[in-house]
Amino acid sequence: MVREDGKRNFVLREEDGTETSVFSGSMPRQAALKAARRLDPHGSEDEAESNAIEIRLREKGTDKVHIFDAWAWNSDAPEDKPGWMEGKITKGNVSKKGIEHLDE
Numbered sequence: 001m002v003r004e005d006g007k008r009n010f011v012l013r014e015e016d017g018t019e020t021s022v023f024s025g026s027m028p029r030q031a032a033l034k035a036a037r038r039l040d041p042h043g044s045e046d047e048a049e050s051n052a053i054e055i056r057l058r059e060k061g062t063d064k065v066h067i068f069d070a071w072a073w074n075s076d077a078p079e080d081k082p083g084w085m086e087g088k089i090t091k092g093n094v095s096k097k098g099i100e101h102l103d104e
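With full-length UniProt numbering applied, the sequence shown corresponds to residues 1 to 104, in that order.
Fair warning: there could be bad hints in the mix.
What the hints assert, rightly or not - Label-pair distances were calculated between CB atoms; the ranges are:
(1) 29 / 61: 24 to 34 Å
(2) 102 / 21: 16 to 26 Å
(3) 17 / 79: 39 to 49 Å
(4) 7 / 99: 16 to 26 Å
Claimed, not checked - Below, computed lysine to any residue pairings styled on SDA-like, alpha-carbon distance capped at 25 Å:
(5) 96 / 51
(6) 7 / 75
(7) 96 / 52
(8) 96 / 3
(9) 64 / 19
(10) 81 / 45
(11) 7 / 60
(12) 91 / 47
(13) 64 / 88
(14) 34 / 82
(15) 34 / 75
(16) 96 / 50
(17) 97 / 18
(18) 91 / 44
(19) 7 / 61
(20) 88 / 77
(21) 91 / 8
Bear in mind the hints are in silico, worked out from the structure with no lab data behind them. In this text the structure is predicted, and so the values were computed from the model without any measurement. Using N, Cα and C, we set each Cβ at its ideal position, and we do this for glycine too.
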């Protein structure tokens, strides 16, 4: 379901069917990127991508489950970072695998 601000809510779905965190975004990929940054980060992007984890995001109000391969890695913060930001940050990326429809 689309909110008034145009964003949609996506629930992180575990393998056993339980649903935990909610991520919002105007597109499923935007929500998946937010979820990817919560993964345990690797030392480099190449190492992280080779250890990608499948995540499933169910769009609230629908039976659609968006499936992504997701990975995260640590990186140096940009030179123009704000004063409160630490020297290392977590970056994430995703690759869409497809969509499934729930039978429930």
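Cross-check of the supplied hints:
no.: 1; hint: 29 / 61: 24 to 34 Å; in the structure: violated, 19 Å
no.: 2; hint: 102 / 21: 16 to 26 Å; in the structure: holds, 18 Å
no.: 3; hint: 17 / 79: 39 to 49 Å; in the structure: holds, 45 Å
no.: 4; hint: 7 / 99: 16 to 26 Å; in the structure: holds, 19 Å
no.: 5; hint: 96 / 51; in the structure: holds, 15 Å
no.: 6; hint: 7 / 75; in the structure: violated, 28 Å
no.: 7; hint: 96 / 52; in the structure: holds, 12 Å
no.: 8; hint: 96 / 3; in the structure: holds, 23 Å
no.: 9; hint: 64 / 19; in the structure: holds, 14 Å
no.: 10; hint: 81 / 45; in the structure: holds, 21 Å
no.: 11; hint: 7 / 60; in the structure: holds, 11 Å
no.: 12; hint: 91 / 47; in the structure: holds, 13 Å
no.: 13; hint: 64 / 88; in the structure: violated, 35 Å
no.: 14; hint: 34 / 82; in the structure: holds, 20 Å
no.: 15; hint: 34 / 75; in the structure: holds, 16 Å
no.: 16; hint: 96 / 50; in the structure: holds, 15 Å
no.: 17; hint: 97 / 18; in the structure: holds, 20 Å
no.: 18; hint: 91 / 44; in the structure: holds, 10 Å
no.: 19; hint: 7 / 61; in the structure: holds, 13 Å
no.: 20; hint: 88 / 77; in the structure: holds, 5 Å
no.: 21; hint: 91 / 8; in the structure: holds, 22 Å
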